[in-house]
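Heads up: the sequence lines are chains A and B, in that order. Numbering-wise, the first sequence is residues 1 to 253 according to this note's numbering. Numbering-wise, the second sequence is residues 1 to 311 according to this note's numbering.
Derived from the structure by calculation, the hints contain no laboratory data. Take these hints with a grain of salt, some might be off.
What the hints assert, rightly or not - Partner residues are not named here, just some residues of chain B that face chain A (Cβ under 7 Å, in silico):
{"hint": "1", "residue": "C52"}
{"hint": "2", "residue": "G53"}
{"hint": "3", "residue": "T55"}
{"hint": "4", "residue": "E86"}
{"hint": "5", "residue": "E90"}
{"hint": "6", "residue": "F101"}
{"hint": "7", "residue": "G104"}
{"hint": "8", "residue": "L105"}
{"hint": "9", "residue": "G107"}
{"hint": "10", "residue": "K120"}
{"hint": "11", "residue": "R121"}
{"hint": "12", "residue": "L135"}
{"hint": "13", "residue": "G138"}
Even for Gly, the Cβ is constructed at its ideal location relative to N, Cα and C.
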Amino acid sequence: MNWTAIRAIYVFEMARFFRTIAQSLISPVLSTSLYFVVFGAAIGSRIDQVEGVSYGAFIVPGLIMLTVMTQGISNASFGIYFPKFIGTIYELLSAPVSFLEIVMGYVGAAATKAMFIGIIILITSFFFVDIQIQNPAAMVAFLVLTCISFALFGFIIGIWAGNFEQLQLVPLLIITPLVFLGGSFYSISMLPPVWQTISMFNPVVYLISGFRWAFFGIQDVPIVTSLLAIGLFTSLCLGAVWWIFKTGWRIRQ
Amino acid sequence: MSTILSIQNLRKSYAGGFDALKGVNLDIEEGEIIALLGPNGAGKTTLISTVCGITMPTSGTVTVAGFDILSNYREARSLIGLVPQEIALEPFEKVINTVRFSRGLFGKQRKDSAVEDILKRLSLWDKRDNQIRELSGGMKRRVLIAKALAHEPRVLFLDEPTAGVDVELRKDMWEIVEQLRTDGVTTILTTHYIEEAEAIADRIGVISKGDILLVEDKNKLMARMGKKQLDVQLTSQINAVPDALAAYDLTLGDDGWTLIYSYDVNAERTGITMLLNDVQKAGLQLKDVVTRQSSLEDIFVSLVNQPEAAQ
């Protein structure tokens, strides 16, 4: 394993993040604050409580997941697409590194960025609502797994994308709807039965449910199912990455 | 000298059925500078890309210092530095960080003194903290070279290093290559500027349509295929070569204003003195006399048009 190379990629990618640290942090903090104002204060005052948790606190895990998933995808997909776009990919391909090392560098950096922003949002939310985390270890585990698996997914999108439109397409058309309909702002039990059934086909439901369980001990689906879901998603992404590695798909002719 | 790079029967066919390389064989000695000369689309970049790992060979073998580029790609690639044809750099990153990145990517531990040395050598040290996008085109090319040298490779590929570069920078590039040679770095450069191959290469390979037509010592090549030409410009126009000059096998050029004489540079007697005497005897007045050496360009054109001339 060429750790020097993995570190070089990781450091270089993180430098991109720190170059724009202001935007990287201000925008999630601002949007989170807006969510709290709109959903927490304005609407939340009418919803009051969800399964014994104040509505303001209830949406915190969903908000973190929402941001972490989109950030993981966009960071990783941009991270690998940009070198393809500007041509610097030649250096990665001619370097004495395996595809696994490239993935570890890029996905590691993207997951770190997503996690960083997730933690910032958690800290921001302390200013708005009262939160106690019942199971911190599970919370961290869910957060880390989600960051990594969605960064992996973003990496695949970045490899696949042939232009900037395609780069935006999957997050915009698939991820955002799934995340919004995945119970970020409500409990699945609040939906009519038909929609409850449909929601069960949304993988994001399982992730948010598990993450929320780590906070408050309440869940839409059993925690084991949540763990299986994230495990399955991570395996699928790993499988796809392995296949790309084997075939050189869209990278090496 | 030992062979540092060995290419055996290398083929590359693209999915569309296009054969970019049709069984290339080439051995490159350690420490030499070899220029691969060929028109656009000849397969120069494909050859480099395949050796460097950017594209996969269809068949054939390539070894770098004995390491196979597929089965021992880590060892092979860490010996190679590549300067691509197009300028491809991270625009917002600082010069020094991109060079450090390249060094790390190729598995070398961070060593600031080595990076400093490379940047100074390429006159980039003053620009080390500038963002890439602030640099001129020439400076960006230097950064590409610095990146390629960051891991101290033994073989350097320069893919059209001076395409679109001004004369001064071109001369600088040649100096850099010359300097690298004293460090023992083997340089393989592609170019379609014949002047460039003539100026810096030890050996010249001519590549056309995916095939290497010939590889030869530059001086031998020029001597072997070099002919000189004497143009005798006249003060008055003539219709035909006078009979008195028939023995010289002259041709008439410039609508009868010039007599053209071809001779072999390597011959003991070129016959020029006799020719000029006879021209005078034939009653013709000389206006001017010009000699021209057939350049690599002429050799190159004749090779690409008639590959059998290489044999």
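Now the hints, each set against the structure:
1. Of the supplied interface hints, the one on C52 (chain B) holds, with its beta-carbon coming within about 4 Å of a beta-carbon of chain A, less than 7 Å.
2. A least Cβ separation of about 5 Å between G53 (chain B) and chain A falls short of the 7 Å threshold, and the interface hint therefore holds.
3. At about 5 Å, the closest approach between the beta carbon of T55 (chain B) and any beta carbon in chain A falls short of 7 Å, and the interface hint on this residue holds.
4. This hint holds: E86 (chain B) has a C-beta 6 Å from the nearest C-beta of chain A, less than the 7 Å allowed.
5. Contact between E90 (chain B) and chain A, as hinted, is supported at the beta carbon level, the nearest pair being about 6 Å apart and thus within 7 Å.
6. Using the Cβ-Cβ criterion of 7 Å, the hint placing F101 (chain B) at the interface with chain A is satisfied: the shortest such distance is roughly 5 Å.
7. The interface hint given for G104 (chain B) holds, since its Cβ lies 3 Å from the closest Cβ of chain A, which is under the 7 Å cut-off.
8. Given the 7 Å rule on beta carbons, the hint for L105 (chain B) holds: about 5 Å separates it from the nearest Cβ of chain A.
9. The beta carbon of G107 (chain B) is positioned within 7 Å of a beta carbon in chain A (closest approach about 5 Å), and the interface hint is therefore held.
10. Checking K120 (chain B) against chain A: minimum C-beta separation of about 22 Å lies over 7 Å; hint violated.
11. For R121 (chain B), the suggested interface contact is broken, since its CB lies about 20 Å from the closest CB of chain A, more than 7 Å.
12. The restraint placing L135 (chain B) at the interface with chain A is violated, with a minimum CB-CB distance near 15 Å, outside the 7 Å limit.
13. Here the hint on G138 (chain B) is broken, as its CB sits about 18 Å from the closest CB of chain A, past 7 Å.
The earlier numbered hints that this structure contradicts are 10, 11, 12, 13.
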